[in-house]
Amino acid sequence: MNLMDKLTILADAAKYDVSCSSSGSTRQGAKGTLGSAAKAGICHSFSADGRCISLLKILMTNNCIYDCAYCLNRRSNDKPRAMFTVEEIVNLTMDFYRRNYIEGLFLSSAIVSSPNYTMELLVQIVENLRYQKQFHGYIHLKGIPGADPRLIQRAGQVADRLSINMELPSEKSLTFLAPEKQKQHILLPMQQIHQEIVQHRETRALARKTPTFVPAGQTTQMIVGASADNDLQILRLSAALYQKFSMKRVYFSAYVPVNQDSRLPQIAQPPMLRENRLYQADWLMRFYGFQAQELLDESNPNFDPDFDPKVIWAIRHPEQFPMEINAAPYKQLLRVPGLGVRCVQRIVSARKTARLDFDDLLRMHVSLKRAQYFITCKGKYYRVKDPQPDLILRALKPKVRSPYQQLSFFEEPAVQTPQVEVLPDQAFFPKASANTATDLLPVF
Amino acid sequence: MRTYLYDGSFDGLLTAYFYAYKDKDIYDICRQTHYQPDLLSKPHDISTEEDKAQRIVTSVQQTLSSQTMRNLYLLYLSELPRCDFLGLQYLRLCYQQGAAVNLAKHHPIIRQVDDTCRKVKLELDHMKGFLRFQEIEPLVFYACFAPDHNQLPLLQPHLERRFSDQKMIVFDEKRQYALVYNLHHSIMIPFTQEDAQHLLQNCHDNCIELFRRYFHTITISQRSNAKLQAGYMPHRYRKYMPETQPEDKQPL
Chain S
1 MNLMDKLTIL ADAAKYDVSC SSSGSTRQGA KGTLGSAAKA GICHSFSADG RCISLLKILM
61 TNNCIYDCAY CLNRRSNDKP RAMFTVEEIV NLTMDFYRRN YIEGLFLSSA IVSSPNYTME
121 LLVQIVENLR YQKQFHGYIH LKGIPGADPR LIQRAGQVAD RLSINMELPS EKSLTFLAPE
181 KQKQHILLPM QQIHQEIVQH RETRALARKT PTFVPAGQTT QMIVGASADN DLQILRLSAA
241 LYQKFSMKRV YFSAYVPVNQ DSRLPQIAQP PMLRENRLYQ ADWLMRFYGF QAQELLDESN
301 PNFDPDFDPK VIWAIRHPEQ FPMEINAAPY KQLLRVPGLG VRCVQRIVSA RKTARLDFDD
361 LLRMHVSLKR AQYFITCKGK YYRVKDPQPD LILRALKPKV RSPYQQLSFF EEPAVQTPQV
421 EVLPDQAFFP KASANTATDL LPVF
Chain F
445 MRTYLYDGSF DGLLTAYFYA YKDKDIYDIC RQTHYQPDLL SKPHDISTEE DKAQRIVTSV
505 QQTLSSQTMR NLYLLYLSEL PRCDFLGLQY LRLCYQQGAA VNLAKHHPII RQVDDTCRKV
565 KLELDHMKGF LRFQEIEPLV FYACFAPDHN QLPLLQPHLE RRFSDQKMIV FDEKRQYALV
625 YNLHHSIMIP FTQEDAQHLL QNCHDNCIEL FRRYFHTITI SQRSNAKLQA GYMPHRYRKY
685 MPETQPEDKQ PL
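These protein sequence lines map, in sequence, to chains S and F.
Numbers 1 to 444, taken from my numbering, label the letters of the first sequence in order.
Numbers 445 to 696, taken from my numbering, label the letters of the second sequence in order.
Derived by calculation from the structure, the hints in this document are not laboratory data.
None of these values were measured; they are calculated from a predicted model.
Take these hints with a grain of salt, some might be off.
As the list claims (entries may be wrong) - DEER-style ranges, computed between Cβ atoms:
1) F:Pro582 - S:Asp304: 55 to 61 Å
2) F:Gln511 - S:Val400: 42 to 48 Å
3) S:Asn230 - F:Leu672: 23 to 29 Å
4) F:Thr636 - S:Pro398: 49 to 55 Å
5) S:Asn276 - F:Gln511: 31 to 37 Å
6) F:Leu672 - S:Val384: 31 to 37 Å
7) S:Lys39 - F:Gln533: 30 to 36 Å
For every residue, glycine included, the Cβ atom is placed at its ideal position computed from N, Cα and C.
With these hints in hand, go ahead and build the complete structure from the sequences.
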């Protein structure tokens, strides 16, 4: 099998991994060596689905011993299998990097033979790049669940970012869809990486020359829509991951039906809107100071498909609004629907020099589409008088094309009966599976 | 009314600012090469004086801020219509009001300056990613691009830091000059299409095919979204990116 075929098979097998960011690391090489990392990350290309191509995202092999229901590479699938050698990956990375095609390497793998054997091979590849080739580009390495802690530690010394995929947002779903995986094998290495990062940071504060350990932090990924878990469960779990393991990111990937399996839901399209809402909530938690319980609770366990989480939060808290642009503190302004971090920074900066009115806001490129219902300038609303929640929701509801159409005088009208979508009553789980939560991450 | 003409260098522009600052009868500042005579104004040539330029740099950095100086430089690199005159208005405003006027994001001049600088910085981020090298000899690489704004001076430190062990020629097709890096330091030289063709004679880079295949394989077809892709990767840059071009097309 030549290199082109291998690349095709193993890039195709890796494409459902969402993470492709190359930010967070400031690795620099000495003059005469190749590579540097950019703090904010660099996107090198964008594929036809609109996702960025920043890293060379490949599997070492797609030859797997596991049989997880949702996975393209499970052993029961009849797919061509391939495996890269160490030299092939190293040369491919260096060649692509020299041509500025990529920002670095994203290396993952199916589990071949055993978790330890696989992890050992992955670490060897990255060590070869770093030590033999003196490569200082960005490297994102997947931790294999169940690998030895010593291997995870070796990986952390050479990689910029480590990630271990959660894949499913509850233990129930995990045992149902991926019976060979165990939750301890996912959570324990996460905890180990977190502890070592903290330890290294403390040491580096005392001795600057301490080598780095996972400078860009760890991330994880969850599949949305492959199991019956609701948004509340997913959001709570990600909040716990941010808090407990100081994750840099939790990625959500809308479930793409790649396998035929009775345990999986039958869907025509990946649930992209749900994924989008989860990301919006994720941003609200990371950059806007929101808590998970403010966005969803037991009575509202799922996001509204029509409105973003911030609008819904604002509608439920009329006592906080309207906010006066010239007086509200920065953290409060961040909670106004339609105002983002950049906008609020501009407002806070400008109001040091003058009292602002709506013309000033428009001049600063502040979009008033949503914000107009929640803010006042110098005590006055913009256009609206006293916005009530039902009015706001009616105004902000996404426009849908009318189902009615003008009849033609000359043509026979095609009579269409509206189709009501009936969701199949799916039994996702066997009934008697008790959730045995441990102390490590009670949400999971 | 006068139009100040400078030689196209940043020092030349600063010299023009030096003389134009107190001129109430100024109409515009522009490069000699870009000048179009008009009915209203008379051309006024400025010869570059390094000491005058240096006086402006020192004064701006000491009495205003180095961020102001950086903004002036980005305005100069933007090469947008009347950006040089905007720079003069900005300079006058800053000296009248103090550097704190940069906080007034609603001020018309500050807003224009911020918008222009943001355009340049955004394109710089794009170019750091979208620039494509091809190997013309072992460890000698050539890239060609045509950014909207003059990006090579801003890209230079990034490229030197990142590819410090490979020789490079980066050709700005729109402005007909190139950055040449010889492992020790880099210089800017005039460069033409013919030079580029001469360099690219019978060289073939196998990695292009590999990357093109990778680019098409990594797409999830169920999530196809050409509009989103076009928003992130504008069509005008794609001419220079081999992965987006059909297979039989030779890279530029």
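Right, here's what the structure says about each hint:
no.	hint	result
1	F:Pro582 - S:Asp304: 55 to 61 Å	59 Å, holds
2	F:Gln511 - S:Val400: 42 to 48 Å	47 Å, holds
3	S:Asn230 - F:Leu672: 23 to 29 Å	27 Å, holds
4	F:Thr636 - S:Pro398: 49 to 55 Å	52 Å, holds
5	S:Asn276 - F:Gln511: 31 to 37 Å	36 Å, holds
6	F:Leu672 - S:Val384: 31 to 37 Å	32 Å, holds
7	S:Lys39 - F:Gln533: 30 to 36 Å	33 Å, holds
In this structure, every one of the numbered hints holds.
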